[in-house]
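K.L.:
Listed below are the residues making up each chain.
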Amino acid sequence: DAGVTQSPTHLIKTRGQHVTLRCSPISGHKSVSWYQQVLGQGPQFIFQYYEKEERGRGNFPDRFSARQFPNYSSELNVNALLLGDSALYLCASSLQGWENTEAFFGQGTRLTVV
Amino acid sequence: DQQVKQNSPSLSVQEGRISILNCDYTNSMFDYFLWYKKYPAEGPTFLISISSIKDKNEDGRFTVFLNKSAKHLSLHIVPSQPGDSAVYFCAASGNNFNKFYFGSGTKLNVKP
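From first to last, the protein sequence lines stand for chains A and B.
Position 45 (the first sequence) corresponds to 45 in our numbering; numbering is contiguous.
Position 73 (the second sequence) corresponds to 73 in our numbering; numbering is contiguous.
Simulated from the structure, these hints should not be mistaken for lab results.
Where a beta carbon is used, it is the ideal one built from N, C-alpha and C, also for glycine.
Hints are supplied without guarantee of correctness; some may be wrong.
[Stated by the list, open to error] Simulated DEER-style distance windows between Cβ atoms: (1) B:S10 x A:R15: 31 to 37 Å; (2) B:V78 x A:F69: 42 to 48 Å; (3) B:H72 x A:N59: 21 to 27 Å; (4) B:S10 x A:K13: 43 to 49 Å; (5) B:S69 x A:A2: 41 to 47 Å; (6) B:S8 x A:R15: 35 to 41 Å; (7) A:P8 x B:N95: 32 to 38 Å.
Please put together the full structure from these sequences, using the hints given.
P.N.:
Structure representation (structure tokens):
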């Protein structure tokens, strides 16, 4: 039974470039959230999508955007990359998005901006 | 603003003894709390959760206690095992369903 899958696992980009990270939720889960984790800190909420609609957005600049597809997979896009965007990007899926339930995380994408 | 705080960056415990990890929060609107365990190079793994209508939830060796008046929760692991060595994060959510606020983590080392 597949868990949350993210691709790629590692990525190196240059300042100013654009990056797209991908996430496939657990089968049957309709809610996907994105988190950024920098070294020494806990994950920080970026976006939540449910049924292809944005349900929540964290305190991140407009360079960050996301979308959810009809099959509930999701993409996180970051434009004009900065060195400070280097982090582990985590995707989490939940059964639904209208009540609190546990979220299950993927292994993350390690993004390094040089 | 750090709404969820884990003030102990690390904890070392002998195998077989109890591990107690603590977490404090400031937002009284939080009503759902979770603990995650994270190994290096892996995503966080869900351990246990508790709703604010309860003050205790137990799952095998793991028990979470919630003290709403103190805005404090704790995770008890009994007995601790070397495989429990990992970073533990507490997280909280309010009426922004499934938007979780995480603490900075506590690194648990269980010594054989």
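K.L.:
Taking 31 to 37 Å as the hint, is the beta-carbon distance of S10 (chain B) and R15 (chain A) inside that range?
P.N.:
34 Å, holds
K.L.:
S8 (chain B) and R15 (chain A), beta-carbon distance inside 35 to 41 Å?
P.N.:
Given range 35 to 41 Å: holds, Cβ gap about 36 Å.
K.L.:
Check the following: the C-beta atoms of P8 (chain A) and N95 (chain B) are separated by a distance inside 32 to 38 Å.
P.N.:
Given a distance of about 35 Å, which is inside 32 to 38 Å, the answer is holds.
K.L.:
Starting from the hint 42 to 48 Å, judge whether the C-beta atoms of V78 (chain B) and F69 (chain A) obey it.
P.N.:
44 Å, holds
K.L.:
Taking the Cβ atom of S10 (chain B) and the Cβ atom of K13 (chain A), is their distance within the range 43 to 49 Å?
P.N.:
32 Å, violated
K.L.:
Has the hinted range 41 to 47 Å been met by the Cβ atoms of S69 (chain B) and A2 (chain A)?
P.N.:
For S69 (chain B) and A2 (chain A) the Cβ distance comes to about 42 Å; the hint holds.
K.L.:
Just to be sure I understand the hint, the distance between the Cβ atoms of H72 (chain B) and N59 (chain A) should be within 21 to 27 Å; is that true here?
P.N.:
25 Å, holds
Violation of the numbered hints given earlier is confined to hint 4; every other hint is satisfied by the structure.
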